[in-house]
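Protein chains: 2
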Amino acid sequence: MYVILVYDMGEKRVGKMLKLCRQYLNWIQNSVFEGEITDVKLKELLINTKKLMRQEEDSIIIFKSRDQKWLEKEVYGKEKNSLDNFL
Amino acid sequence: MYVILVYDMGEKRVGKMLKLCRQYLNWIQNSVFEGEITDVKLKELLINTKKLMRQEEDSIIIFKSRDQKWLEKEVYGKEKNSLDNFL
Numbered sequence: 088m089y090v091i092l093v094y095d096m097g098e099k100r101v102g103k104m105l106k107l108c109r110q111y112l113n114w115i116q117n118s119v120f121e122g123e124i125t126d127v128k129l130k131e132l133l134i135n136t137k138k139l140m141r142q143e144e145d146s147i148i149i150f151k152s153r154d155q156k157w158l159e160k161e162v163y164g165k166e167k168n169s170l171d172n173f174l
Numbered sequence: 088m089y090v091i092l093v094y095d096m097g098e099k100r101v102g103k104m105l106k107l108c109r110q111y112l113n114w115i116q117n118s119v120f121e122g123e124i125t126d127v128k129l130k131e132l133l134i135n136t137k138k139l140m141r142q143e144e145d146s147i148i149i150f151k152s153r154d155q156k157w158l159e160k161e162v163y164g165k166e167k168n169s170l171d172n173f174l
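Taken in sequence, the protein lines are chains A and B. Take the position in the first sequence, starting the count at 1, then add 87; the result is the number in this note's numbering. Take the position in the second sequence, starting the count at 1, then add 87; the result is the number in this note's numbering.
The hints are simulated quantities; they were obtained by calculation from the structure and are not laboratory data. Keep in mind that the hints are not guaranteed to be accurate.
Since the list can't tell identical chains apart, any single copy or any two copies may satisfy a pair.
[Claimed, not checked] Straight-line alpha carbon distances no greater than 27 Å define the calculated DSSO-like cross-link-like pairs of lysine-lysine that follow:
(1) K137 to K165
(2) K128 to K165
(3) K138 to K160
(4) K156 to K103
(5) K156 to K138
(6) K103 to K137
(7) K165 to K130
(8) K99 to K156
(9) K151 to K167
(10) K99 to K137
(11) K128 to K151
(12) K165 to K138
This is chain A alone, in the form it adopts within the complex (with noise of 0.2 Å):
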């Protein structure tokens, strides 16, 4: 499936959560990322999210999409070099 995974996280925890997300889905914006990611996978991801996450105080939100086509995507501004994904 595609996803679209969007963070807030205190300033502590964001630097893990960067490097978790990077393990699973593409760094497209700060604190945005997209990607093709299996159920397992995703699941996966959610545990590790949840031990690190503050639940009141922090907030992950998932949009879930069967088949990207299904979402058209535009972007404005400065693009996130691909290059970032390897930093």
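Use these hints to put chain B onto chain A, whose structure you have.
Chain B alone, transformed into the frame defined by chain A:
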């Protein structure tokens, strides 16, 4: 159509962007909005956004879907209080 809008703006412009987006969409996370919007209204929002943003520093990504039913949303952690939308 249904859209998800995420932005990453310089600190000086972030307040104005928030104010602008709230005129058109629902605020669901720090810099994330969603909602039903017409083509005309989305164009208007984009024109106003482009006046506000710095092309070389800021980034806006819009995901469009013909129908919200193609997308499933899951929220973990702190949900944005709907009251926030009136503040």
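The hints, checked one at a time:
Taking the closest pair of Cα atoms, K137 and K165 come within 27 Å of each other only across two copies (12 Å); inside a single copy the shortest separation is 31 Å, beyond that limit. Taking the shortest Cα distances, K128 and K165 sit within 27 Å of each other only across copies (23 Å), while inside one copy they are farther apart (30 Å). Proximity of K138 and K160 under a CA criterion of 27 Å is satisfied inter-copy only: 21 Å between copies versus 31 Å inside one chain copy. Taking the closest pair of Cα atoms, K156 and K103 never come within 27 Å of each other, the shortest separation being 31 Å inside a single copy and 32 Å across copies.
For a Cα distance limit of 27 Å, the shortest separation of K156 from K138 qualifies neither inside one copy, at 32 Å, nor across copies, at 30 Å. In the homo-oligomer, the alpha carbons of K103 and K137 lie at most 27 Å apart inside one protomer (12 Å), although the nearest pairing across protomers, at 33 Å, exceeds that limit. Only between protomers do K165 and K130 lie at most 27 Å apart by alpha-carbon distance; the minimum there is 19 Å, versus 31 Å within a single protomer. When the C-alpha separation of K99 and K156 is checked against a cutoff of 27 Å, the pair qualifies neither within a copy, at 36 Å, nor between copies, at 36 Å.
In this homomeric assembly, K151 and K167 come within 27 Å of each other (Cα to Cα) both inside a single copy, at 22 Å, and across copies, at 19 Å. When the C-alpha separation of K99 and K137 is checked against a cutoff of 27 Å, the pair qualifies only within one copy, where the shortest distance is 15 Å, while the shortest distance between copies is 32 Å. Taking the closest pair of Cα atoms, K128 and K151 come within 27 Å of each other both inside a single copy (13 Å) and across two copies (25 Å). For a Cα distance limit of 27 Å, the shortest separation of K165 from K138 across copies, 15 Å, qualifies, whereas the shortest one inside one copy, 32 Å, does not.
Hints 4, 5, 8 from the list above are not met by this structure, while the remaining hints are.
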